[in-house]
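Undergrad: Single-letter residue listing:
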Amino acid sequence: MRESRIYTPEAIEDESLPGLPGANDDPLKPWDKTTVVGARVPRIDGQDRVGGTAVYTRDISLPGMLHGVIVRSPHAHAMVKRIDVTAARAMPGVHAIVTTESPEAKIPWTLTARGAMSQLFDPHCRYEGEEVAAVAAETLPQAADAARAIVVEYETLPAIVDYAAAAKPDAPKVHAAGNLPSPPRTTQRGNVDAAFATAAAVVERTYHTSCELHTPLETHGSVAQWDSGDLKVWDSTQGVYAVRAGLAQALKLPISSVRVASPYMGGGFGSKLELGKYTVIAAVLARLTGRAVKCVLTREESLRCVGNRPANTITVKVAAGKDGRLLAIDADLVGASGAYPTGAVSGYLMLDLYTCPNVRVRESSVLINAGQARAFRAPGYPQAAWALEQAIDELAAKLGIDPVELRLKNVPTVSQSRNGLPYSSTGLADCLRKGAESFDWSASRTRAASKSHIKRGVGVAAGMWGYGGEPRATVIAKLYPDGSLNINSGAADIGTGTKTVFAQVAAEELGIAVDRVHIEHADTGTTQYAPGSGGSQTVLVNTPAVRSAVAAVKQSVLALAAAELKKDVNTLSVRDGAIVIAGETRTVPFAALRSLAQAQQVVGVGQRAPHPTDKVALPFAAHFAEVEVNTRTGEVRVVRYVAAQDSGRVMNPLTFENQVLGGVTMGIGFALTEQRIMDGPTGKLASGSWHDYKIPTAMDFPFAFTWVSVDPQDKDCNSTGAKGLGEPATIPAAAAIANAVHDAIGRRMTDAPITPAAVVSALATTGRR
Amino acid sequence: MLPRFTHVQPTSISDALRELAAPGARVLAGGTDLLGCLRDRAVTADKLVSLNALAELRGIREQGDGGLRIGALTTLTELATHPVVRARFGALSAAAAAAASPQLRNQGTLGGNLCQRPRCWYFRGDFPCARKGGDTCFAKEGENQLHAVFGGDVCVMVHPSDTAPALQSLDAKVRLISARGSRTIGIDALFVLPAKDHTRETVVEADEIVSDILLPPPPAGAVGAYRKIRARGVWDFAIVGAAVTLGLDKKSVRQARIVLSGVAPVPWRVAEAERLLVGHELSAPRIEQAATQASSGAAPLSANAYKVMLIRGAVAEALSDVMGAR
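Heads up: the sequence lines are chains A and B, in that order.
Everything in the first sequence is counted per the numbering used here, starting at 156 for the first residue and increasing by one.
Everything in the second sequence is counted per the numbering used here, starting at 208 for the first residue and increasing by one.
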């Protein structure tokens, strides 16, 4: 509901939140050696997820449950003049209809500092797919038929979907106040103009990236059920607490009366961090009918309405001295927010990826008549990397310095955006070195050029992620008489495997097997607060709290054992689900402890400690790609890839690899295939299916794929040593591919995606661009 | 969500043809195209007449003359893997293998592949386009990067089939049956240009079924290939494709057929390019010449001039494949 927050730089404030009460008591030292953490532990819920027994939101079926279907504007810009529900109301199975004329329509939406910009059902439709009515019926087909029978008369208005044109004063206005919701924001340090005057080499170019659509495998949806005045919602969400807060506000309920659960979740990538209208609609229909209501979006709705990675136009100018040290970066970033304001660009990489004394970043976002941009796996970063990392590549060529070497000359050791605080570890240099070694970079670069029409090229790009996480999470651990352990955490496992990692951390700390740990999670009615599973923060924010809770359990069970066994507690430790007594060969299994059986449970509460105040812990990456470009057909294939990641401790190589593989796949989509295509005159989506909106397939992923972890055993970042991974794994990928394409064909591909059309068109231009 | 319809599965061809004679009835074979069209509301249907119980419409049979009779319900996977098709009708097996994805090829049939509806995003999307009875071809002034450079008229869609150009390169015939009787036509006569009728892609009438595809014996010294240029590695339609079937006598080309996909509302044969090959050795310069000729006369729209280059590329690649495989 609130303005979507792009993770930087406002979000840096989140990182400095103080600890919760108890968070700083007896801080745990980082592990020296681990046995379960770092092991290749298969997902604890893998069998359920692939076997079909995992219950996702759309699988939930409650007694008497109705089905909700939403009526959406077919026009990109229109005013609802009249809605006739007479025919729909008379149709079989229909229980309730809400429209722009219902009292519930007025629930405020898109809350900004200047007030609400819209409402639940807004007669002013600002993009194709905006909600105008909804139906609840006994069956889904009945609801869908009734929704189609609702007659909506629209007055169509001029629509604008081209964001360059939308920024001009005479463009059709998405909102009365115009298409520039806030003035451009400029961030700068040093004296950029003076630095350019003294530089040995300067490059400047304008880059365009395409809008990418969110396509999580599980579409967005909710089930709502009222019990007296209390609301329970099952929602496919990354953040049950954000949804709960939004629902409480939208429906004017106390937070304590709203319960939101997300037991299994089929992907979100940033599009499920906030409350969606479908959730409120399900709750409203459920309240009107006194029945539970399920409202799950179709893929067609999902492609239009749940968010996107906004298209960016980025002009970047970079200067360096003869020695390769960066002197100045000047960047102008413009992005398309969609119909409501969202930070559509991020210049963070320009500010902080490299040591550079003079930087100026100008960021602006433009409203258009299209679905709203949302957080999308590293919001703004892959776009910025696409521009910056191609510029660095071009600069390296101009200076005659190897692109890896040039980057190594400019690796930062302090966070320039955080008052020069040092990094807890700067893995960027290691990522570049170890990645280059694994890729055999030098030899690959100097290989003789192909004489055939298929050209090979290699490219490198670097990246970092500028958000360290909101350091507040509570976890409760309960040890039961049989030695099994319950971990209670509010964090959603959005498909990344965090439940498994939590179980590993708990097993490690208590000396029990992973299969003795049960994870109870993501239910505001029963679990403890955790921030949304986004921003690459889930593991690094929550695992220290898991560890701390289990450490408290361990302390308590050792105390119980000491009393029962009449030993000094300092002579006791835990291993293999048992108490170990120093100097004795016998061990006492937890299940054999009478005192534990009598206690029924031992409870430990863990709080995430705040981030260190004297250091900054952030993840880095360097990616290396080899491509084949067919100069006859314009086809580009990524044939070899090395992703080097500094994300601190590798908690589980299986889930780690999975994140990197997924991040690189998304990078391939960004670089080569994915592109929202809108019909200009109507403002409607042309690429409205999975055929026309092309996510990459297994056949687009390189057979030769390697990931390299730069695991500096970061002792300063937190008590488990983990930094974020999900987002840094995708940030440099597309830029590395673009640089490889340049190496192959000598053309700078400024626009993403690099389609066959783009390649043959670039090759038709003469000479090296 | 799918609209409401009834579904019948007749067990004899005569029952199927009778069911099909009812207004609002449509043929259902693999369903990979029809169900999507219904869901997109690009087409309507009151009744789906499933052919899936009709075993006589399945299978590949060798004919006494060296040709093939292919039942219309034969799946693309069967075509792609059949040893005789692979050995002697290379363009067809290559085209079938290049279509869609493994799952879709297991389900999709050859008859369905020929009768599939356009993939144009305006036709499939919520746009009242000319082919659906509206008065506008939205692609003409709109997003036409994937559209026709040949043969466009009131509609500039491209025919989406991979197998159709391959079959045309093999000089195939198509047998159509209905309660009224049967007819056999050349595959080039199956498809309809928009100038003639922009609301249909084939001459197949509503009460007709494509029952068989008939391949004459391949030319002496036959070699064939299908080169499909697409935006991703699998599960994608051709941006441009080229099917070639050549009859070679030692090094010399005696017979040549080149048919393009992804460039016109029908499979597009490039006879002038074929003529440049006949009587000549298949050398690299000759290939380039034919490839260039194949694109001549193209009339690109605002956003698809690149297809002229891709036609050259696809033809050159297909001919190079043939030369390499020889």
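Honestly, the hints are just simulated from the structure, not real lab data.
Note that the Cβ used here is the ideal one computed from N, Cα and C, for glycine as well.
Among the hints, a few may not be true.
Unchecked claim - To give an idea of the chain A side of the interface with chain B (calculated C-beta under 10 Å), a few residues: (1) S599; (2) R600; (3) G789.
Stated by the list, open to error - Under the rule of at most 20 Å between Cα atoms (straight-line distance), these lysine to aspartate or glutamate pairs were calculated in the EDC-like manner: (4) B/K380 x B/D342; (5) A/K770 x A/D317; (6) B/K457 x B/E412; (7) A/K709 x A/D731; (8) A/K610 x B/E495; (9) A/K477 x A/D595; (10) B/K347 x A/D317; (11) A/K184 x A/D637; (12) A/K610 x B/E488; (13) A/K606 x B/E495; (14) A/K606 x B/D528.
Undergrad: Compare the structure with each hint and give your call.
TA: Okay, the hints, checked on the actual structure:
1. S599: 23 Å, violated
2. R600: With Cβ-Cβ at 26 Å, over 10 Å, it is violated.
3. G789: 7 Å, holds
4. B/K380 x B/D342: Given that 20 Å is the threshold and the Cα spacing comes to 34 Å, the pair is violated.
5. A/K770 x A/D317: Roughly 43 Å between the alpha carbons, so the hint for A/K770 and A/D317 is violated.
6. B/K457 x B/E412: At roughly 44 Å apart (the allowed maximum being 20 Å), B/E412 and B/K457 break the hint.
7. A/K709 x A/D731: With a Cα-Cα distance of about 13 Å, the restraint between A/K709 and A/D731 holds, given a limit of 20 Å.
8. A/K610 x B/E495: Between A/K610 and B/E495 the Cα gap is close to 19 Å, so the pair holds against 20 Å.
9. A/K477 x A/D595: Distance of about 26 Å is beyond 20 Å: violated.
10. B/K347 x A/D317: With Cα atoms ~19 Å apart, B/K347 and A/D317 stay inside 20 Å; holds.
11. A/K184 x A/D637: 29 Å, violated
12. A/K610 x B/E488: 27 Å, violated
13. A/K606 x B/E495: Holds: A/K606 and B/E495 sit about 17 Å apart, inside 20 Å.
14. A/K606 x B/D528: 18 Å, holds
The structure is inconsistent with the numbered hints 1, 2, 4, 5, 6, 9, 11 and 12, although it conforms to all the rest.
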